[in-house]
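A.B. asks: One-letter residues, chain by chain:
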Amino acid sequence: MSRLGAGVLARMLLRSFAVQGSWNYQTLIGTGLAFVLAPALKQVYEGDGEALRRSLGRHTELFNSHPYLAAVAAGAIARLEADGSPPEMVTRFKHAVRGSLGTLGDRLVWLMWRPMSVLLGVSLVLAGAAWWVGALAFLLVFNALHLWMRAWGLKIGLRDGLQIGRTLKGVPFPRMGDRAAQAGALLAGFAAALAAAGRGSHPWEWGAALLAALLGISLGPRVRGAAALAMALALVAGLVLART
Amino acid sequence: MILTAAQVVAVTLIGGLVALDATSVGQFMISRPFVAAALGGLVVGRPAQGIVAGVVLEALHLAVLPVGAAKYPEGGPPALAAGAVYAANFPPVAEAATLLVAVLVALALEMVGGRSVEAMRHWNVRFAGAPPEGLAPGPLARRHLAPVAVDFARGAVLTLAGTLLLCWLLRAIDFSGFPEVAIGSILRLAVVAGLASALRLFGRGHWPLFVAGAAAGVVVAWLG
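Heads up: the protein sequence lines correspond to chains A and B, in order. Sequential numbering from 661 applies to the first sequence in my numbering. Sequential numbering from 3 applies to the second sequence in my numbering.
For the record, the hints were derived by calculation from the structure and aren't laboratory data. Source: prediction; values computed, not measured. Every residue gets a Cβ at the ideal spot worked out from N, C-alpha and C, and that includes glycine. Misleading hints may appear alongside valid ones.
[Unchecked claim] Here chain A is said to cover these stretches of chain B; the calculated rule only asks that three of the stretch's residues, wherever they fall, bring their Cβ under 8 Å from a Cβ of chain A:
1. 4-13
2. 171-178
3. 193-204
[Claimed, not checked] Beyond 10 Å from chain A on every Cβ pair, some chain B residues (computed):
4. PHE92
5. ALA155
6. LEU162
7. LEU166
Just chain A, same shape as in the assembly (with noise of 0.2 Å):
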């Protein structure tokens, strides 16, 4: 295990929940990933300064993963600099992770865990719980595996190191993504009922919104667009009909 105490790990943490900060179009997250390694690089190369400016300055470089995953790229690296390991190696480390870190995270996160998460306080607010109760839910459900993903993944990158790549291989993500689609696709249907038959709905309405949930369906994303247009289409009509 590395040198690094546990102050240095609480405020690699800390930073990591910033590690987006400064996200641009040349080194995507490379000057985030610096940031959250500087506590760490700090004790490594503690009474030298001119390793330690030089270090910081390598770090910047281009890297990008999903930014609850970049605490495992954060750990491991600063894990490899506290082994003394030489800067190439550590280069070749960052380029070898990044894509798997970035897709690992997408996918759980993103495209899972999150519209599961929003699901289930948009239903519960539908089904006519508190605001607080849904907002409440939502933030929980989604933050549980938010924060645990990012303490876990400092934890598992400074104590695996290198072999980081073994570890993630075990860790049943592709499950737990699995598991969330599912209760998402539940919970979609469960709220689409819910806001179809809203305060004041008319019977040919489930008409209405069968078709309507067919379409969001077989549109997905693009659904925004098309229902945006429908909106201003009735706002339109609205006015017109307003004033004759």
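For this one, chain A is given, so just place chain B on it according to the hints.
C.D. replies: Using the frame of chain A, we list chain B on its own:
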């Protein structure tokens, strides 16, 4: 003015924080339209009304994915403004029509917000691009935190613009005679379509679960 000056200032500052939450700092998801609109309502003392606007905007934001360097609409600050103004205006002369205007303004602002994020990321190259030979911890922190301050300011300006625009529109439009029932139905159908579109994220192969959920929803609605 529908909101007091203090409420406008509060909404503007929270708008900056909500913008940060989306990408730069935290990502606790208070920037989701569903939560941000409730926060907007909370500022004016009516969070339950704020979240009504949030549910509509959330349904239409569900399938937006911030993957890699993708360009996407920004949901938080517009939803905050819409939630605050819609809730402050409650009970309106025409509930559905007011909600419709709030949602349409928020959707337009989401596109403006997305473009401003893109512009900021190009601009951030000045601060955080081109890796230097060496960098001390102090200058590194400045390189990293300057874009965070810019993002906060961007979100605050976007929220302020949305709030003022919506306040002006709701005062300018004469809602008397609006077909409320029809507009309410269209809003509801837009929410249904948006929520159903999430099945595409989870995989259309899960349609039996979607149908089971819908059946459960119908039962709950019928019992309620």
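A.B. asks: For the segment 171-178 of chain B, do three or more residues have a beta carbon lying closer than 8 Å to a beta carbon of chain A?
C.D. replies: holds (count 4)
A.B. asks: Would the non-interface assignment of B:PHE92 survive a Cβ cutoff of 10 Å against chain A?
C.D. replies: holds, 13 Å
A.B. asks: For B:ALA155, is the shortest beta carbon distance to chain A beyond 10 Å?
C.D. replies: Since the minimum Cβ distance to chain A is about 14 Å, B:ALA155 lies beyond 10 Å and the statement holds.
A.B. asks: Okay, the segment 193-204 of chain B and chain A, do three or more residues pass the C-beta test at under 8 Å?
C.D. replies: Holds, because 12 residues of the segment 193-204 of chain B bring their Cβ atoms closer than 8 Å to Cβ atoms of chain A.
A.B. asks: In terms of Cβ atoms, is chain A entirely out of 10 Å range of B:LEU166?
C.D. replies: Holds: least Cβ distance 20 Å, greater than 10 Å.
A.B. asks: Say whether it holds or is violated: B:LEU162 keeps its Cβ farther than 10 Å from all Cβ of chain A.
C.D. replies: holds, 22 Å
A.B. asks: Between the segment 4-13 of chain B and chain A, see if three or more residues pass the 8 Å beta-carbon test, and mark the coverage as holds or violated.
C.D. replies: violated (count 0)
In terms of the numbered hints stated before, the structure departs from hint 1 and from no other.
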